[in-house]
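S.K.: So for the sequence shown, my numbering puts the first residue at 357; every next one is plus one.
Some clues are possibly wrong.
Claimed, not checked - Subject to a maximum C-alpha distance of 27 Å in a straight line, what follows is the list of computed BS3-like cross-link-like pairs (lysine-lysine): (1) Lys483 <-> Lys406; (2) Lys500 <-> Lys483; (3) Lys504 <-> Lys406; (4) Lys359 <-> Lys510; (5) Lys500 <-> Lys513; (6) Lys500 <-> Lys510; (7) Lys510 <-> Lys495; (8) Lys510 <-> Lys524; (9) Lys406 <-> Lys378; (10) Lys378 <-> Lys494; (11) Lys375 <-> Lys359; (12) Lys500 <-> Lys359; (13) Lys494 <-> Lys504; (14) Lys494 <-> Lys510.
In short, the hints are calculated from the structure, not lab data.
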Amino acid sequence: MAKVSILMGSDSDLPIMVKAAKMLEEFGIEYEMKVISAHREPDVFVEYAKSAESRGIQVVIAGAGGAAHLPGMCAAMFPLPVIGVPIHTKTLSGVDSLYSIVQMPSGIPVATVAIDGAANAAILAAKMLSISDMELRKKLADYKEGLKDQVVAKDAKLGEIGYDAYLKQM
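Work out the full structure, taking the sequences as your base and the hints as a guide.
M.R.: Printed below as a string of structure tokens:
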């Protein structure tokens, strides 16, 4: 049964939101992924958000661009955590999305990650789920250790070949 729902208001958000899916897969977390527009099909959206908990969803990751109402509307109807992913836009580079998601009224919080930060949204969802799942917490610790190992390896390579050769390999 899916524990996380990945929502997006448009399929144009998919190239960003797939990063959340891949990260959840890395941690072995079941998810569902849907394109639902809060503006174009409000009745479908309301039914989805209201029924998510009864279907086993524990965290919603909602990506949205522009007016970016999807995460906030989700948080208004879904009683568990919602993580908003502001999507980059052509007109305002995603700042409009960021402001729309982060400026929620008192009582309706939406955890918000960086513009196009779907991978971090999935890591945050995993951390939320790991509160009651020690196996998942161990996977997160291993992931973090792997990040450290990557930096150590990059530093060693830089020291070995120098910055000029390193830049040419990037």
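S.K.: In ascending order, which of the hints set out earlier in this document are inconsistent with the structure?
M.R.: 3 and 4
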